[in-house]
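K.L.:
Turn these sequences into a full structure, and let the hints guide you.
Chains H and E, in that order, give the protein sequences.
Quick note, my numbering runs 283 ahead of the 1-based positions in the first sequence.
Quick note, my numbering runs 73 ahead of the 1-based positions in the second sequence.
All clues stand as given, with none of them false.
Pair ranges (Cβ atoms, derived):
1) E/142 <-> H/700: 28 to 38 Å
2) E/256 <-> H/409: 36 to 46 Å
3) E/105 <-> H/409: 19 to 29 Å
4) H/704 <-> E/265: 50 to 60 Å
It should be emphasised that the hints constitute simulated quantities derived from the structure, not laboratory data.
Backbone N, C-alpha and C define an ideal beta-carbon position, used for all residues, glycine too.
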Amino acid sequence: MASKAGQAKKLSRRSFLKFVGGASLVGVSLNLAGCGEPITAEKAVGGSGWMPAQYNAPGNWPTNVRGRVPIDPENPAIIRDDEKCILCGQCIEVCEKIQSVYGNYELPIKNEIVCVNCGQCTQWCPSGAITERDDTDKVFKALADPNITVVVQTAPSTRIGLGEEFGMPVGTNVQGKQVAALRKLGFDVVFDTNFTADLTIMEEGTELVKRVTGELKKPTPQLTSCCPGWVKFVEYFYPDLIPNLSSAKSPQQMEGTLMKTYYAEKKNVDPKKIFSVAIMPCTAKKFECQRPEMVSASKELKDSKVTPDVDVVLTTRELARMIKRAGINFAALPDDQYDQLMGSGTGAGAIFGTTGGVMEAAARSAYYLITGQQPPSALWDLTPVRGMQGVKEAAVNIPGVGSVKVAVISGLTNARLVMDQIRSGNAPWVFIEVMACPGGCEYGGGQPRASSPPSDDVRNRRAASLYKIDANAKLRNSHDNPQIKQVYADFLTAPMSKKAEELLHTNYISRAEEFVTKKSKSKLN
Amino acid sequence: MSKGVLVDIPKCIGCESCSVACKLWNELEWDPQEKTKTPTDRAKEPNNGLWPEEWTSINRYALKKNGTAVGRYVKTQCMHCEDPACVSACFSKAIQKLPQGPVIYDQKLCVGCRYCMMACPFDILRYEWKKSIPGVRKCQMCPTRVANNQETACTSVCPTGAITFGDRDELLAEAKKRIRSNGYVDRVFGEKEAGGTSWLYISDTPFEQMKFRTDVTTKSLPSYTEGYMKMTPFIGGAWATILAGLYVFNNKNKEPLE
Ligand code: SF4
Ligand code: SF4
Ligand code: SF4
Ligand code: SF4
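P.N.:
Listed below in structure tokens is the structure:
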């Protein structure tokens with residue numbers, strides 16, 4: 284002890300001498316003499332840290348992966364913790380190569396950092412530096428307020444993802460436990476987005492039939508509009524194809540709108556006191572709910588005090604954090620049921636969560652809408668649109684119409700190939716489903732990060748779980764859902780009625796002004 | 074051959090890979106408060122976002138170009154002057170210019186007088202006020218990397234080519250080429266400023282609007298400070314005595330000298 288203290292004293296004395304007496308006077312005298320010892324590179328402060336190997340190549344050796352994706356501090360969907368970033372370059376790789384967003388604009392940038400909010404970068408970031416913008420506090424606050432009715436909806440694919448956060452095998456269906464957890468957290472009403480997935484099919488299917496028959500003067504192929512990442516991508520890069528986008532809102536936005544109109548009216552709840560939460564596998568949904576046009580309930584009710592149709596979107600990961608924070612033993616929860624009115628969906632609604640699901644659901648109901656007859660069982664297993672290929676094609680035989688060609692795409696780089704074909708005027712398809720995230724929502728930017736990097740193995744296992752829900756469902760066609768029949772009979776009259784148009788359809792804007800279109804196909808530099 | 078870096082401001086997308094690389098390579102600490110600041114916040118700070126542990130900063134300026142709103146990101150760090158004022162201000166030769174370009178600092182030689190800070194025409198240097206043995210902090214231009222024929226940490230990670238490492242002469246020629254072909258402002262900031270700097274900047278928006286010290290002299294600064302620097306022996310000697318006295322005074326109660 285004593286010797287340690289003595290050492291400390293000696294050290295400080297030495298450093299004192301070195302720093303003040305020694306160094307200074309030596310320095311001064313060297314300066315006087317005009318011959319300072321040149322210091323070498325090794326003597327400089329810093330320079331003893333670490334960089335990924337790709338950056339330590341000599342000279343101007345070309346490095347393929349450099350840097351990271353730019354993220355606007357105002358980005359409503361994703362944020363980054365710089366301290367965790369190791370500059371591995373995975374985010375820029377997925378954004379540029381898989382999503383073809385980064386690098387698809389000329390420099391200089393204008394004002395906005397182009398981003399479709401898909402959140403695939405959050406899935407690839409190995410260090411957890413990029414995550415969704417955490418909105419759980421807003422929800423905890425609403426839950427704590429006794430004057431507010433907190434209504435929540437859960438997307439088709441959160442039920443087959445959430446379990447992974449609690450150590451369950453990939454693809455475990457935890458629908459019942461998810462409902463139970465939401466109730467325990469204090470949500471007043473728990474609805475299922477699968478209901479509005481079915482509703483989307485009715486609206487979008489009707490729109491497609493009207494386009495094909497010429498009743499609606501809009502071009503084919505009709506493009507799906509339920510993925511907000513994809514919609515923003517069209518608005519940025521293919522504004523000329525906006526008329527091809529279905530005007531139907533996404534299931535999330537339909538459900539939110541109906542919470543504050545249909546549900547409020549039927550259950551006599553003040554829409555101003557409804558706080559609408561959506562649990563989604565997606566980060567882009569956070570952007571979508573903040574779009575200025577997503578205030579249909581407020582418009583319909585002519586009451587500016589009614590907040591946006593969906594107040595807050597939480598990712599599957601955020602819900603898991605809430606459950607953990609509340610100390611709920613998730614695995615031990617008994618299965619619970621959704622609240623009714625807007626709480627049940629068909630098998631067709633369930634498969635919205637994977638690539639090809641919307642197409643399969645639409646095929647079943649389009650058949651019915653055109654022929655007035657139930658679809659054949661072949662449409663209950665439309666294998667050509669299942670699986671993880673980036674671009675899939677199928678032909679659906681509909682009596683009286685013939686063979687209808689459709690395409691299914693996931694991943695935005697894949698979408699570019701097909702969109703360029705539409706632009707050049709030789710697209711044989713009448714209907715195209717596009718999901719921004721490879722594999723669809725089941726591997727969306729808000730889903731649990733699997734213990735391994737994103738892979739088709741995990742995607743297939745999650746998709747299989749969704750197809751199992753469909754296969755076991757009593758009702759497998761959206762148009763057979765009794766709650767869908769009820770909402771039209773009691774509230775909306777019919778698909779694409781005036782009221783349905785006002786509440787369930789939307790419009791899009793061109794974002795092409797936000798950047799200068801890329802001139803060449805080469806990389807940015 | 075003297076090295077340099079060309080900063081092509083319009084090519085910067087504000088990803089801040091460069092400042093993270095600087096942190097990683099130089100093992101600079103993360104300050105929780107600094108970490109939450111945005112490039113817009115830092116552009117408004119009087120010190121341009123440079124702190125003892127922030128040797129470089131990306132600052133965003135909201136500007137107008139041909140009537141439309143544009144954002145421009147400016148990377149700030151030591152300019153690595155050809156004839157640095159900080160070097161001639163340092164009587165203990167703790168700061169020196171390497172023949173390859175970097176202006177480096179050896180903390181072991183530093184007496185803490187902070188003359189360099191006063192001398193720098195770009196207000197780059199920061200003093201570690203909070204440390205018990207404080208040093209002067211600034212970008213070193215990765216001298217060990219440069220000596221090993223590697224580029225600087227920041228340029229090695231830039232995804233867009235907004236910052237390019239190379240021979241200063243070649244970069245200067247490249248800068249002039251880009252000014253002509255891209256219709257940039259006709260000035261290479263750093264070509265002549267402060268007698269020339271290793272870091273060169275080109276821009277499509279006026280430098281004045283992005284807090285560049287455009288009024289800095291084009292004469293090398295040591296030539297001005299020569300008269301002043303002749304006083305160094307005297308001031309240095311006096312300063313050392315004062316510091317010694319202060320040190321004894323300050324540590325009187327804590328650690329009596331043996
Ligand atoms: S959210 Fe999607 S578009 Fe935005 S940076 Fe990440 S990968 Fe790119
Ligand atoms: S993926 Fe994550 S760690 Fe890698 S560069 Fe991007 S932000 Fe940094
Ligand atoms: S910019 Fe300042 S600190 Fe850097 S070399 Fe020049 S005078 Fe020295
Ligand atoms: S790495 Fe390049 S593009 Fe990114 S902020 Fe730095 S200079 Fe700008």
